[in-house]
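The primary structure of each chain is shown beneath.
2 protein chains.
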Amino acid sequence: MGERNGKAVVCLSGGMDSCVCAALAEASHSSVYFLHGDYGQRTESAERERFHALADHFDAAGRLVCDLRHLATIGGSSLTDPAIQVSDAELDSENIPSSYVPFRNAHFLAVAVSWAEVLGARSIYLGAVEQDSSGYPDCRREFYDTFEKVVALGTRPETRIRIVTPLIELKKSEIVRLGVDLGAPFQLTWSCYRSGDLACGTCDSCALRLRAFHEAGIEDPIPYRR
Amino acid sequence: MGERNGKAVVCLSGGMDSCVCAALAEASHSSVYFLHGDYGQRTESAERERFHALADHFDAAGRLVCDLRHLATIGGSSLTDPAIQVSDAELDSENIPSSYVPFRNAHFLAVAVSWAEVLGARSIYLGAVEQDSSGYPDCRREFYDTFEKVVALGTRPETRIRIVTPLIELKKSEIVRLGVDLGAPFQLTWSCYRSGDLACGTCDSCALRLRAFHEAGIEDPIPYRR
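So the protein lines, in turn, are chains A and B.
Under the numbering used here, think of the first position of the first sequence as 15, with each following residue one higher.
Under the numbering used here, think of the first position of the second sequence as 15, with each following residue one higher.
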């Protein structure tokens with residue numbers, strides 16, 4: 015892997031993309047700091063359990079679970095508002111799905127930047143996927159490129175922080191293959207939007223994951239309801 | 015005031031700048047929604063009390079206090095870390111003061127944007143002051159201009175949100191005069207960084223406030239320890 019960089023902060027939902035993202039960060043940094051956000055999402059207890067399992071697996075030098083439950087108070091998403099149903103996937107739709115949590119990834123980035131500035135970490139990893147994704151606006155490359163400019167403007171003059179989104183242009187099936195190559199522990203991850211118990215197999219997130227493993231010709235190690 | 019716009023979200027610390035900012039927002043919008051962040055700052059209980067008093071005064075259509083105490087866990091600021099002393103003001107220094115909370119204003123903006131998107135509010139008001147301020151990097155006009163681009167990229171295509179920082183180029187004394195013209199209730203505000211009881215008069219924030227009222231030739235209606 016050549017010379018290892020210093021510290022990296024890794025935003026980690028506990029899903030497959032953030033797991034592969036963590037494996038990439040861990041391979042090129044001397045220490046990794048794992049960040050997870052509780053935004054009142056339906057499956058938070060499952061996600062948080064996986065977050066800690068992944069932090070153990072990757073031997074994180076620090077871990078931070080932040081309370082972003084004001085996102086659930088604000089609402090507007092099927093992930094946080096029980097009155098909005100989690101719809102079955104429409105993978106080829108141009109519409110922004112009901113699971114979009116308004117501006118959510120900006121909250122993760124804000125916390126990651128504050129933490130990175132105090133730690134002296136120069137990289138923030140986030141497993142956003144643009145090409146082959148649900149179509150969330152805060153998963154686009156331009157969003158991260160512009161956010162990086164905001165970071166340069168809004169922190170100390172000597173602070174240098176890159177926002178690294180190594181998966182953003184990959185197809186989900188390529189992320190599966192990359193994860194297998196890196197030895198990423200997919201068995202520890204959680205992707206389902208509906209349930210924290212047994213993955214439903216039909217929500218946006220399950221459908222994207224299942225299609226990715228299928229296209230990669232690899233068996234998904236987690237069990238599904240159907 | 016001419017035609018009034020729709021809804022505005024106002025970020026409100028409870029200090030003099032955010033109070034004047036709220037008065038401006040209230041004068042030009044049919045309804046105002048007040049947002050306050052608890053980031054574990056020393057004087058949060060005083061700030062929160064003033065936030066609610068100001069929300070009552072301006073008849074806010076909604077109010078949201080969000081938990082950003084992970085900023086205190088992260089630390090790096092005299093406002094959140096009891097081990098770092100709140101220094102006396104050095105108003106002409108070029109250094110970033112110890113009271114800088116890393117990237118704090120990005121956290122307020124992230125919450126404000128999520129809330130504004132769900133409410134359908136098109137304006138976010140924030141009382142940042144660049145010219146005559148403590149020199150925080152996240153109080154610069156460029157930071158807000160670039161953040162506005164991030165908002166356009168990271169929200170639904172139909173969402174239009176402006177970040178309005180009407181005080182950013184004003185001197186603090188001009189803000190006092192503007193507030194007096196608008197009938198802003200300065201007696202309800204809190205600025206001190208050190209104490210939640212009786213303002214110290216010597217920290218950065220008190221020193222800036224006192225100088226502003228002095229230069230404006232107006233008596234500050236709140237009591238001071240010295």
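Treat the hints with care, as some may be off.
One copy or two, either will do: identical chains are not told apart, so a pair holds if it fits within one copy or between any two.
[Claimed, not checked] As a list, the in silico DSBU-like pairs of lysine-lysine whose alpha-carbon atoms are at most 30 Å apart:
hint	residue 1	residue 2
1	163	185
2	21	185
3	21	163
FYI, nobody ran anything at the bench for these hints, they're computed from the structure.
Status of each hint after checking the structure:
In this homomeric assembly, residue 163 and residue 185 come within 30 Å of each other (Cα to Cα) both inside a single copy, at 26 Å, and across copies, at 27 Å. Proximity of residue 21 and residue 185 under a CA criterion of 30 Å is satisfied intra-copy only: 27 Å inside one chain copy versus 40 Å between copies. Proximity of residue 21 to residue 163 under the C-alpha cut-off of 30 Å is found in both arrangements, the shortest distances being 20 Å within a copy and 29 Å between copies.
In summary, the structure agrees with every hint in the numbered list given earlier.
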